[in-house]
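> Protein chains in written order, with our numbering: chain A, 742 to 1195; chain B, 742 to 1195.
Quick caveat, the hints were computed from the structure, so don't treat them as lab data. Hints are supplied without guarantee of correctness; some may be wrong.
Copies of the same chain are indistinguishable here, so a pair counts whether it falls within one copy or spans any two.
Subject to a maximum C-alpha distance of 20 angstroms in a straight line, what follows is the list of computed EDC-like cross-link-like pairs (lysine to aspartate or glutamate) [unchecked claim]: (1) K791 / D1097; (2) K1094 / E814; (3) K1094 / E1021; (4) K966 / E1000; (5) K966 / D781; (6) K1016 / D992; (7) K966 / D784; (8) K963 / D781; (9) K1020 / D1092.
Protein chains: 2
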Amino acid sequence: MNRLNKRKIQRDPLTEIRELIAKRDWSSLKELLTKRPVADIADLLSDLDKPERVLLFRCLPRTLGAEVFAYLETTDQDSLLKELTDEETRSLIQNLAPDDRTALLSELPAEVTQKLLTLLDPEELKEARELLGYPEESVGRLMTPDYVSLRPDWTVSQAMEEIRRTAQSRETINVLYVTDAASRLVGVVSLRQIVLSRPGEKVRGIMRSPAISISAFEDREKAAKLMERYDLLALPVVDSQGVLVGIVTADDVLEVAQEETTEDFHKGAGISPLKVSLKEATAQLLYKNRVTWLLGLVLVYLLSGNIISLFEGTIAKMVPLVFFLPLLIDSAGNAGAQSATLMVRALATGDVKARDWARVVLREVALALALGAIMGAIVWGVAALQVSAQVGIIAGISMVLVVLASCVIGVAIPFILSKLGWDPAAASSPLVTSVADILGVIVYFSVARWWLGI
Amino acid sequence: MNRLNKRKIQRDPLTEIRELIAKRDWSSLKELLTKRPVADIADLLSDLDKPERVLLFRCLPRTLGAEVFAYLETTDQDSLLKELTDEETRSLIQNLAPDDRTALLSELPAEVTQKLLTLLDPEELKEARELLGYPEESVGRLMTPDYVSLRPDWTVSQAMEEIRRTAQSRETINVLYVTDAASRLVGVVSLRQIVLSRPGEKVRGIMRSPAISISAFEDREKAAKLMERYDLLALPVVDSQGVLVGIVTADDVLEVAQEETTEDFHKGAGISPLKVSLKEATAQLLYKNRVTWLLGLVLVYLLSGNIISLFEGTIAKMVPLVFFLPLLIDSAGNAGAQSATLMVRALATGDVKARDWARVVLREVALALALGAIMGAIVWGVAALQVSAQVGIIAGISMVLVVLASCVIGVAIPFILSKLGWDPAAASSPLVTSVADILGVIVYFSVARWWLGI
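Throw the hints in and build the complete structure from the sequences for me.
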């Protein structure tokens, strides 16, 4: 029984929807859709072909439609907007939450944005222009003015009344904001606290003050860090006078945090931040964001090739040295890239702080010596067996030195960048490996020259 | 005025605290501490020396003390526990939220855990043993039994009564869980909905049903994904019979998501998951988790060195070919690592899905040809100028082919791993670069052999 049930649930909803569309059975379609979570409806929409997609979208009640729309990717939003009538578009835009509306207007092509702005009523237009006035990637672009504000001298039952009166159109009521007569933020209070307090109690007596808040001009990444650190469901946003101008909610911030992490991943592989999803990125954009590092590294390799030529005499005296050169520099590069990756991530999560540098670098020295020793021993063994004892000793000693240097550089660069106030993520693996490359060439042939006494 | 004020706030709280401790002014200390957020108090504690730390911790009210304790790193928790009396420890453990208690007991050394378990009363002991009975990294280890449950046939005002009665000891009341007589989960309802509904309305009429839920035995990563996708503040956890056994809250899941992301970063650089923070990791642990990949790669480089020796005849006929070998294989490795990093991250965030493979691979082919063309052109130019036209043509053609192959492999491996149900993050940069290494050697010398007709 249970099993049968499961199979029924797992029946492909797309097929079912296509059948209902073919039958023009709008009421069943509406019923089937509205009980699903927003994220699932959005997925279904983006899986359908264009004509079906519009039909399905029109089946959704207005507010649900707006929520689903906000969840779609920009390309799907764009294609849907092209199919809707002006009247439908107006209604859609009006039903979007203000922060989703800002996101939509700032992501669409400028001419589409202009057209959409003409569809808004004066009040909404003012709001949209204001939010769009904040710099890109600022907290202002992320916030919504849909919050409930209370006065400190209200009683809990007055507060409850205000919450009931305004809640319907507010994004969250789990946290409420207390402002003075000049609209300055003076505290926050949770719905939980309100519900659990006696009706006659004053808001002032139960609010948390001062409230943790952020300026609308701050970087949105800072909002994400604050909310994570203090486990906040929403963060109040203030202007330079301390006036409450909006709130940022946890769901928007999660998305920001995820985007920032993706950028860190990309930087780690020498890719400039894409700013759009990989699925939506054009081949041209990807080319532009990847080619810079690749060509830069080609130049590094050409340079290290030229350094090799400086040691032509040494090489001529002992050609088999060359056999172990790629092994040496690539292995050191890998070890250094490990160190840099560990450091960059630990600094990003706050796991390691700038003041910890001495302990971390010391541990890295011990660790690098141990790693270099085992790698050097293998190279020494193989080189001694396959070539000669001399090449074995030179390659083995060089391995220990180069692994040590690469690891320390890998750990140090992120620290130095973060001290300078730069993004430690710029200490990408390609940067570290190319430093290891040049260093490896110099160390290897210098050791050889010194050992051979030439 | 404002400026002065700011300076006062920015005065180092550590110095202030040390002064108050020296003066034995416990009441000022208590006042200074209790108005700070939990995360800040925890930071202050870990910055102090051991004797001061215990003194400070004893100033905190019991429940706040437990919250702060839960926020500390394992080493700090451990050192603090050693200083506390049995009575203080008992009170601390009892004041911890059940999920924090489980986390503490599972992270501490076994003998400390055993000692702590003896301090719990029978009811708490049962709860702790139950939560510890779930597999590591399972949802069961993360959940708390502290939720409010309602019955579907209660009215809103009955529900409100129950919430007021039980809320004090519950982790969250923003979401409430509706269960039937057999404790099976039948729906969820938000506090918002309760507050906004008429007092006489039935819970059944306003609850969302069926509720999105998860089994206690599922991987905790799946809980994180579900909550992110559906923007949930808390996720109900059920057993195989659908009985509600606990809830997982957003703050715990955020931590899990961050840990998983860190693991992906580490895998991308060929580091086995650490399971502890980098700050707490010993040099031995780091050695163990880094050395495997490094030695594996040393073997790959030795193998590619042996493949080179197969082409000894070709090299002997044209020695300068060797000059461009490292450039060729390293560049191709970098391009392939870019592709793999983009893919692994896009699959992890759900930005690209397995079914998108055809489009993504096709775009990658176009892109790789463009990247290979410019890189090949540079190598061709330099080689033709510095060595000979023949070496230029061979190196240029090889560059295009090897970049193409590496990029396609970089994109394909994550897809294939994810199709097989494995973790795409295993397609790390070191894996891709070592494949590019061997491939590069074979392609380069084969092209040379074919072009030179030998």
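> Confirm or reject each hint.
Consistency of the hints with the structure:
1. K791 / D1097: between (55 angstroms within a copy, 18 angstroms between copies)
2. K1094 / E814: For K1094 and E814, the Cα distance is within 20 angstroms only across copies (14 angstroms; inside one copy 36 angstroms).
3. K1094 / E1021: between (36 angstroms within a copy, 13 angstroms between copies)
4. K966 / E1000: So K966 and E1000 pass the 20 angstroms test inside a copy (13 angstroms) and across (15 angstroms) alike.
5. K966 / D781: So K966 and D781 pass the 20 angstroms test across copies only (13 angstroms; inside, 29 angstroms).
6. K1016 / D992: within (19 angstroms within a copy, 27 angstroms between copies)
7. K966 / D784: So K966 and D784 pass the 20 angstroms test across copies only (15 angstroms; inside, 29 angstroms).
8. K963 / D781: Between. Shortest inter-copy distance 16 angstroms satisfies the 20 angstroms Cα cut-off; intra-copy 30 angstroms does not.
9. K1020 / D1092: For K1020 and D1092, the Cα distance is within 20 angstroms only across copies (7 angstroms; inside one copy 32 angstroms).
The structure is consistent with each of the numbered hints, conforming to all of them.
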